Amino acid sequence: MPRTLLTDELWSKLLAILLEFNLYDKPNLRSTIEAILYRMRTGCPWRNIPATFGKFPTIYSCFNRCSKKGIFQKILKRLSADADKEWLMMDGSYIRAHQHAAGAAACSGEDDHAIGISRGGTTSKMHLMVNDVSDAPELIAAVDLGGTEAVSADKGYDSDKLRAQIEEEGSKANIPYKRDREEKNKDMDWYLYKIRHLVENTFARLKH
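So in our numbering, the last spot in the sequence shown is 208, and the numbers never skip.
Keep in mind that the hints were calculated from the coordinates and are not lab data.
Do not take every clue at face value.
[Said to hold, decoys possible] Here are the computed lysine-lysine pairs in the PhoX-like style, where the Cα-Cα straight-line distance is at most 25 Å:
1) 194 / 172
2) 155 / 184
3) 194 / 184
4) 194 / 178
5) 26 / 68
6) 55 / 68
[Stated by the list, open to error] Now the in silico label distances, taken between C-beta atoms and shown as ranges:
7) 143 / 46: 35 to 43 Å
8) 43 / 177: 35 to 43 Å
9) 154 / 28: 42 to 50 Å
10) 73 / 197: 26 to 34 Å
11) 27 / 141: 43 to 51 Å
12) 200 / 43: 14 to 22 Å
13) 85 / 52: 30 to 38 Å
Since this is a predicted model, take the numbers as computed values, not measurements.
Glycine residues also receive a C-beta, built at the ideal position from the N, C-alpha and C atoms.
Let the hints inform the model, and build the full structure from the sequences given.
Below, the structure written as structure tokens:
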């Protein structure tokens, strides 16, 4: 359970944001938020949330209310504004959609479900900064690289155009060349490249 709990430092930052969105600082607010995080992390049914967090109907009610008001999206947007962008790492993957995702009736309006069809069935394409080298220039153009020392990616992003674009923004492109390229990887920061496993770790959490 401790792995799902918030430190006092994180909670103080989160509380300030919650108060901006008119969530009252009730005595059980912290335990309620931690219960929601616990449920998101473990995937357990709401009624199986440990009683130490509080009553599950109260916890679910808070989650449902915040979801409908878009508060969680607002929180993520605020937190991302304070992100540490010294090193940026990019990769892409697909996440299988839930088995019930394909059973909904068709509806009119904008298609914003982010569900498509691939060889593996219904999926959602998940971008951690970017998908592939063909889309990378558009994303780099949209991301503020101010204060970013290096952008790290695997050989799939080996592109002179992408490297030039990153360097024009004042950052280093830490991307290895493919074997069939004449250029050598003498300027690669292999330590920074190695810790790209953080991206894969994030994908693993999202998929499971």
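Verification of the hints:
1. 194 / 172: 16 Å, holds
2. 155 / 184: 13 Å, holds
3. 194 / 184: 18 Å, holds
4. 194 / 178: Holds, at about 17 Å.
5. 26 / 68: 20 Å, holds
6. 55 / 68: 21 Å, holds
7. 143 / 46: 35 to 43 Å: 36 Å, holds
8. 43 / 177: 35 to 43 Å: For residue 177 against residue 43, whose Cβ atoms are near 41 Å apart, the range 35 to 43 Å holds.
9. 154 / 28: 42 to 50 Å: 45 Å, holds
10. 73 / 197: 26 to 34 Å: Since residue 73 and residue 197 have Cβ atoms about 28 Å apart, the given range 26 to 34 Å holds.
11. 27 / 141: 43 to 51 Å: At roughly 47 Å between Cβ atoms, residue 141 and residue 27 fall inside 43 to 51 Å, so the hint holds.
12. 200 / 43: 14 to 22 Å: 20 Å, holds
13. 85 / 52: 30 to 38 Å: 37 Å, holds
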